[in-house]
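Chemist: In case you want the letters, here they are:
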Amino acid sequence: MRRLYSFFLGIVLIILLLWGITKQLETKNTQGTTNKLVIYNWGDYIDPDLLDEFTAETGIQVDYQTFDSNEAMYTKIKQGGTTYDLAVPSEYMISKMREEDMLIKLDKSKIQGLENIDPQFMGLSFDENNDYSIPYFWGTLGIVYNESMVENPPQEWEDLWSEEYRDNIMLIDGVREVMGFGLQSLGYSLNSQDPNQIQETAEHLYNLTPNVKAIVADEIKGYMIQNAAAIAVSFSGEASEMLDGNENLRYVVPSKGSNLWFDNMVIPKTAKNIDGAHAFMSFMLRPENALRNAEYVGYSTPIPAAKALLDEETQNDEAFYPSAETMKNMEVYDNLGPEMLGLYNDLYLQFKMYRK
Amino acid sequence: MKKTSKFFMAPYLLWVLLFVLAPVVLIVYQSFFNIHDELTLANYQSYFHSPNMTYLKMSFNSIFYAGIITLVTLLFSYPTAFFLTQLKHKQLWLMLIILPTWVNLLLKAYAFIGIFGQDGSINQFLSFFGIGAQQILFTDFSFIAVASYIEIPFMILPIFNVLDDLDPNLIHASRDLGASPWQTFTKVIFPLSMNGVRSGVQAVFIPSLSLFMLTRLIGGNRVITLGTAIEQHFLTTQNWGMGSTIGVVLILAMLAVMWLTKERKKS
Amino acid sequence: MKKFAKIYLAIAFLILYLPIFYLIFYAFNEGGDMNKFTGFTLDYFSSMMGDSRLMLILAQTFLLAFLSSLIATVIGTFGAIYIYQSKDKYQNALLSINNILMVAPDVMIGASFLILFTKIGFELGFSSVLLSHVAFSIPIVVLMVLPRLKEMNADMISAAYDLGASQPQMLREIMLPYLTPAIIAGYFMAFTYSLDDFAVTFFVTGNGYSNLSVEIYSRARQGISLEINALSALVFLFSILLVVGYYFISREKEELA
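Protein chains in written order, with our numbering: chain U, 628 to 983; chain C, 814 to 1080; chain X, 701 to 957.
Any given hint might turn out to be false.
Unchecked claim - Below 27 Å or equal to it, Euclidean Cα-Cα: the simulated DSS-like pairs (lysine-lysine) are:
hint	chain 1	residue 1	chain 2	residue 2
1	X	Lys706	C	Lys901
2	C	Lys819	X	Lys787
3	X	Lys819	U	Lys705
4	C	Lys1075	X	Lys850
As the list claims (entries may be wrong) - Distance ranges between label pairs, derived from CB positions:
hint	chain 1	residue 1	chain 2	residue 2	range
5	U	Tyr632	C	Ser940	49 to 57 Å
6	X	Leu941	U	Val639	15 to 23 Å
7	X	Leu934	C	Leu905	16 to 24 Å
8	X	Ile820	U	Glu726	26 to 34 Å
9	X	Val944	U	Tyr632	15 to 23 Å
Keep in mind that the hints were calculated from the coordinates and are not lab data.
No experiment lies behind these values; they were computed from the predicted model shown.
Glycine included, C-beta positions come from ideal geometry on N, C-alpha and C.
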């Protein structure tokens, strides 16, 4: 019994110690100000120095919370019990949140710098007047390939079906992405709601399975850098990390059409510090801040003035800032609605399980 | 035997009510609703009648792989626990075995990706000996290996605790009576450790039924289990009804396993 | 046989520690990721210690783990005793109910708890996370304690009562001392569950409280900075020191007693 007592005593002591440390760190972090901004964003998706500068300039303390997927973020905000002032979802989630009345209409008079944004990134289908969201980062879905591992590099979606790539392609684990490029490879829109087109795509994708080595998520970066496969279907952001890590890798955006994605800043209805959120948006729209953020995160910035200050190689890289020609054929995801999304998901699940 | 008073049991029973039964009721209730919040049996229908028997195959995969993982874990853990009991500072060594479990799962999976990769540690080791680089990742082997690795402490601990308590006189008696070491093991030691083995099997098999992170990280989604489907339904399609249906299936599978491995009192 | 045992254990430890060494090794990697070692640097250690947000999350994570495991161990131990003392025909059913949370995927548990908390209007924050951690840790404590209970010689208990012991006395002098190794095992398994949990914490935390797991998973999209490796390395080494230290101190105490 003595042993049990001493064990529990030790545990209680550790708990008290940690309690003290936690309280110390909490007060240090909040510094007593009541003016707080709670930001809900992807992990490591902002230059931490920018947050400190924002606080120094406005006196608003930033509480940075993170999520790992749009769906998880959506579930949390929807269910309630949270007071996020600013969130950064992707475009298809924004259109869903709008439909479910989860977002506040932006007061544009409180946002400075809207004119800094590239007009081609405004007024898109998921938020026609940008009444609810402001662009933060954008990118494309494309093909990463390892020059030393392929004879004929793929350029378009339909190339992926080539026998040359048997068991050598990694796909990103996303239902819209896989069904999307499947649809586009047949010349259809990636927002198709036509059951015939969708069925045709599903069967076409079954024919791809011999080439598919694995279907993975963020770990795809590590895999491609380590030469686990010759080809990957992935986002431009992830691709830029891959290219940094392995000099044999190249990224190409299919010119016949692909997905254009956006991560935009929104204000959920449950927000408390709405003025603070608007101030933060203005802060991020300043070219010098957008530039630093783009350099830290490595994704494409929607602010041309910031892009112009990036190093020559980056801003002229067609993979990450595609030509106007390619941009014409890019599609943004529309919200498919629950039934269609359910159908897409069922087919995707069957695709994952299909082995010829 | 006089029962320990209700006072001590109350928190546990309260937990069962609030955190086990209430969620189960919620899940069963949800499983009868579709996306439009209409009462329906459609979820169960699609479980049994989906094209290509998707969900049935997934259930089979879940049970099959959970079984293999449990077996592999047991085969590795039992000797480890056994030899540990014979060491001098056994409690210390036991703690050192548990320590790696406190490092985050995702980090360890990334480490395995590096270790099993084409140019990873193992392949470099093999190349050193002239054997060419092997495809280790995205195979059943690597998936089962990593899953077992994660579960090992859960199997070692209960078995160790039971073996440690074994009366050494029983073993000596068995040897004195002429039994070989193997006979002593199979007829004396192993049967007496069954309670620990049973606990370990339950502690490993049950969570393994719903693995989905590892199926993606190490298996590359070449193996799809019920966990993958639940994750998809709860998050992507927001079809909590269907997700709950699969949850019900998992619970039933678990109950079946519990019943199969239950203690049978000898008459 | 002794030789074989030592070799087997050595290999077992090697296998168990291989990924850990890998992670610690790369914490010093100049290259910034775990793909190739390009050079030696201590940058990640210093940036990690300077990141006060990360330090707060670390402290919160361990506070949560230590505290929730403690509560879960207490409740779970008595739960195991309860199941042990139930009629034989009910035992399997009770144990099955106990194990339900272990079979449910984290996403489902997280979502269900979230619904329950919001339905009864319970404020989401540290308390909701603590309660949830206690909840999903109790089953494993029961599973660790129960086998030892079954091995226990029931006659000892009867003898104690015959000799006039009260219930608290019986617990204190007989049952709990006997169960100590299993209770401690249960504690550490609960600790593991709590440290590693992502989905449940993520869902029930409201927007106040984050833990290390949530932070790590959220960074996966950007690539997990080696700061995390550095953090894990330090925590791990610290734990080893703590464990070894505690062991040798308690041994000395026993010898002196």
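Chemist: Where does the structure disagree with the numbered hints, that is, which hint numbers, in rising order?
Modeler: The structure breaks none of the hints.
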